[in-house]
Every structure is written in C-alpha cells, then in structure tokens.
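K.L.:
Each chain, letter by letter, is given below.
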Amino acid sequence: MKLVEAVAEDVMVVEAYGRLDSTTSKVFGDRLISLLQTGRGSLVVDLKNIAYISSAGFRALLIANRAAAGRDGKLALCGVTGEVRRLFDIGGFTSEFLIFPTQADGIGKLRP
Amino acid sequence: MPQDRSLRASAVGVCDIHLSCAAQSRSKTPIRDGARRVSRYSASNSRQDLVAAMNTGSSVPPQAGLSASCEIRIDNNLSEITRVADMVDDFAARHQFPEQVLFALNVVLDEIINNIISYGYEDAGHHEIAVRVALRPGNVEAVVEDDGKPFDPLAAPAPDLTSAQREPGGVGLHFVRNLMDEVTYTRRDGINHLRMMKRLAP
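Chains as they are written, first to last, in the numbering used here: chain A, 212 to 323; chain B, 309 to 510.
If you're looking for bench data, these hints aren't it; they were derived computationally from the structure. Be careful, since some hints might not be right.
[To be verified] Under 10 Å between C-beta atoms, here's a sample of chain A residues computed to sit facing chain B: (1) Arg230; (2) Asp232; (3) Thr234; (4) Thr235; (5) Ala262; (6) Ile264; (7) Ala267; (8) Arg270; (9) Glu294; (10) Arg297; (11) Ile301; (12) Gly302.
[To be verified] Once the Cα atoms are required to be at most 20 Å apart in a straight line, the calculated SDA-like pairs of lysine to any residue come out as: (13) Lys237(A) with Ser426(B); (14) Lys237(A) with Thr390(B); (15) Lys259(A) with Gln408(B); (16) Lys237(A) with Ala278(A); (17) Lys237(A) with Glu388(B); (18) Lys213(A) with Leu386(B); (19) Lys237(A) with Tyr427(B); (20) Lys457(B) with Glu430(B); (21) Lys213(A) with Thr390(B); (22) Lys237(A) with Asn385(B); (23) Lys237(A) with Gly478(B); (24) Lys259(A) with Pro406(B); (25) Lys259(A) with Ile301(A); (26) Lys213(A) with Glu388(B); (27) Lys237(A) with Leu386(B); (28) Lys457(B) with Arg496(B); (29) Lys259(A) with Ile310(A); (30) Lys237(A) with Asn384(B); (31) Lys213(A) with Asp394(B); (32) Lys259(A) with Ala219(A); (33) Lys285(A) with Pro323(A); (34) Lys457(B) with Thr492(B); (35) Lys285(A) with Thr305(A); (36) Lys259(A) with Glu407(B); (37) Lys237(A) with Ser387(B); (38) Lys213(A) with Ser387(B).
Ideal placement from N, C-alpha and C gives every residue a C-beta, glycine not left out.
Chain B on its own, in the form it takes in the complex (with noise of 0.2 Å):
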C-alpha cells in the first residue's frame, strides 16, 4: 500500500534528529500540573536555545527545513500516559504550538493509548506502546504504534449522541475525528500504526 509506505519513511527521517524527551521523561518526578510544566520552558525558546536543545538530544545536527520530534514508548499501563502528556507539554512549550493544537494532541493521545491499553490486548502480559510527535512545516502529526490487536479507529461507528441515558463510550474516537486534521491508519507486520495530523493555524 503506498500510504503504507511513505508513513514509513517520514516517521524514520524524522526520527534521525529527535530531541531527548524520552530519555528527559523517564528521568524527571512527574509532574502533574500541566500547566506548571509548560511555564518553566517559556524562558528558553529562542531558536538558539531550540537548536541547542536538539543537538544534545542527538548526534545529528538538526539541518535547515527538517522537522524536529520526539518519541516515547510506554507500557500498557494507563499511568504511563502521564509520562506521554508530560513529553507532549514539554515539546509544545519549545516549539510554542498554539494552545489549541497542545490541548487536542493531549485530548486524541489520552483516547488511543487507553483505548488501546484497556481494549487491545487479549493477553494480560507486557506489551509496549510507541508514541512520536512530529512537527512539520504547518502542522504537528502524531504518530502510536501498539501490538494489539487489529484496530482501525476510523471504522468505529459514530456515537449516539442524542440519547437520553447517553454512555460517553464511543465519543473518544469521536472526539479524535473531530479535533484531528487527518487521521490514517495501517496495519502491518501485526502493528496498528495510527497517525493524526493536527494544522498549526486553525
């Protein structure tokens, strides 16, 4: 499938420059004031401290025009999207996303990995989730590759949403079509890969 392919090899070249954050986000205290997170990086966000920061993360130097990104793997446990929220923060106060861009990306990432963490698995055993988050000329795409089993987010049906004893099931998937610009998703090689595409500017 050429889709199939071309996800491929964008999520490997972006992956050559990545930035540390997996490595920065296994060794902090969590931090659960989002907020707070975001203040302290807004002191440093000049592109001289941005391209500081991306060549400690890596042994490639960032090169003019590529896209920056960072990449985290949890486990399929539903605490560890703390960790995938805290990397997300932190990476949207360096490059200054637009505060509506930080909050869908936090809202659609929440939905997948527990999604994925409560109903992909049919083992109880361990499993790893990868997460990557992009940032593209005009856009910031995301990227979660899990083991579970075959899930394709966009055949979910639509919720109810007019019912009197309505259930909130159903409208994260919902809620990830309607805040995302694009979402593709490929099964290959016995991993879901789900990418999501937000724009910049509204």
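So that you can see chain A by itself, here it is in the shape it has in the complex (with noise of 0.2 Å):
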C-alpha cells in the first residue's frame, strides 16, 4: 500500500495504492487521521487505483469518517467503481460516505 498525497484548491487529497488489507490498513487510518487533525479538517480519499479493499479498509475508512465528522469535516470519497464498488454496496457502506465519480467533484464540493 502506498499512499500519494497532494493539495489541490486548497482540499488535501490522498490517493491509496495497492492493498488494504488486514496488514497495511492501520498505517492506512492513522495517516487519515493524522491529515484530518493538522491539515484542514477536510479529505478526499480516492481509491480508483486499490488492488481491493477487505473489511479492515472498510474499518479505518469509517473511523477517519467519524473523525472527520467530529472536527466539522468531511472526507469525500472518489475511484468507487467496479469490484470496490460492489463491496461497498454488499457492506452497506455505499450510503455511509460522501462518494463522488472523480477527484475533480470531491475537489469541488470540499473547497472552502
């Protein structure tokens, strides 16, 4: 898992490589967090380019969502297409998030 992080209009983006799993999903949330806490309260996570995602990605997404939430946040999602989709919808976690078709729209709804 590898993550790649920019700013974009002022929105912190982080784009998630690889696998979330069991193993690299605690470095994966803590990261999350971390940005959530220093930078501007505010996140788009886009997942267009996971290998898959199990359900402790699932775990450290929905605690990042509570923080972000709790500090007047929002963490948008973006790249939620095809079998990550799916899972979303098979965990019920589709209506859980701010999910948007591209970074550009996340961008866009986040910017301040």
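Both chains come to you apart, so use the hints to assemble them.
P.N.:
The following block contains the structure:
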C-alpha cells in the first residue's frame, strides 16, 4: 500500500495504491486521521488505484469518516468503481460516505 | 461425513502437481504493490511457459485435464497475510484469472486469515495456517486450514447493515459469503477446514 498526497484548490487529496487489508489498514487509517487533525479538516480519498479493500480497510475509512465529522470536516471518497463499488454495496457502506465520481468532483464539493 | 472425505481427497490430489509458489514466496523480497507484482508475469503466460513453470515446481509432470494449485504455510502473525496475497497475485497472473476473481480471493483470504489470527487461538503460542489455492475447470478453490478453536464462519450471524452507528465487525464474513459461490466448513481431527469456491465466469 502506498499513499500519494497532494493539495488541490486548498483541499487535501490522498490517492491510495495497492492493498487495503489487515496488514496495511492501520497505517492507512492512522495517516488519514493525522491529515484530518493537522490539515484543513477535509480530505478527498481516491480509491481508483487500490488492488482490493477488505473489512479492515472499511474500518479505517469509517473511523476517519467519524473523525472528520467530529471536527466539522468532511471525508469524500472517489474512484469507487467496479469490484470496490460492489463491496461498498454488499457491506452497506455506500450510504455511509460522501462518494463522488472523480477527484475533481470531490475537490469541488470540499473546497472552502 | 461424505462431504468431509471428498474435500480431503481433492486437496491431496491437486497437491501432487502444485507449483513452487510457497518456496518462491518465502525467498522473494515482499513487494507491497499488488498491481506491479502482477505485471511481472504478464509476459510469460503462454501454455508452454505455464507447463515449464509447473515442471520446475514438482517432480510429477502435469497431466492433461488436471488442475494446478499452489500452497503456503504461514505463522499466526497478521503480517504473514502479505505472503498469501503475493502468492495469490502470482498464481492469478500465471493463470490469467478474471480481475473480479482475484479481487474476491484476496478479500476473502484476508478476512478469514485475519479472523483466525485475531480470534482463533486460546493461547499466545505459535501456530501454522495452511492456505491452498487450486484452479479447476471453471472455478477456483481456496482452502484454509488452522488448528484454532472450532469456528464455522457460515454460522456467524449476518451483520446489521442498517444501524446508524454501525461497527464494521462481522462484515468480513458477510463479504466471504457474498463473494464466494460456495463455502463449506468442516472440523476434523482438531483442524478447521474452510473451502471456498469461486466460479471463473460470473
């Protein structure tokens, strides 16, 4: 798992690459929380390039989502397509998150 | 139990011609980026290469119509899941699994092995978990065996997906039941055997 971080139009964007599973999700989740706490309080997480996500990855996303809400911030997801999207639906997670088709859509929504 | 015996017979059968994935995975430096890992094998997936690869992995030559398999034994440590995923990525690339089959296999193996390691043992000692993946006509089968507490993932209650303050616990086994086409559990001689089958065509 690898994270590529950038700031676009004053919005923090994190692109995740590789596996979001039991071995990587702790680092992933901790990084999202850290960015929410030290940064602008809002975050776009792009899942377009992940190999797969298991329940450990969803747990990290749910915790980050609550952390963002607790700080009056927002967590937006994008790149939720194909098999990843299917797992969001199977797990009932689709309605738990703000999901946008593209990074640009997420940035546009979260832009201060 | 008849189902029990047939599982044992099929598992022994495919092991005769298994690839050397287990040995390879131990010796390689772990590569964390799954996508990059897969691409390493994209140029060598012809039939001849496959047969050659199988021959190097076993003294028993592959026979027409027989399936291929790979196997790994891991310690009860979560970091070991990386080695399982590496093996599955390699095997899937060699045999050109459809993307959704590889995705499903990786997810369910992470869920099951994580569950075993996190909740399966009453002591803090060392345990081994065996993971086999076999390609058969029309489907892929993954078998996980552990010596932890008896646990039937099929008997676990379905998670409440509607509650507002839901906890993600329980959703992993829900994924397993939804992503696989067939899941069978047996407990035999102090070992949990979980067999998960996924069809290659949706």
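K.L.:
Hint compliance check: list the failing hint numbers for this structure, sorted ascending.
P.N.:
Violated hints: none; all satisfied.
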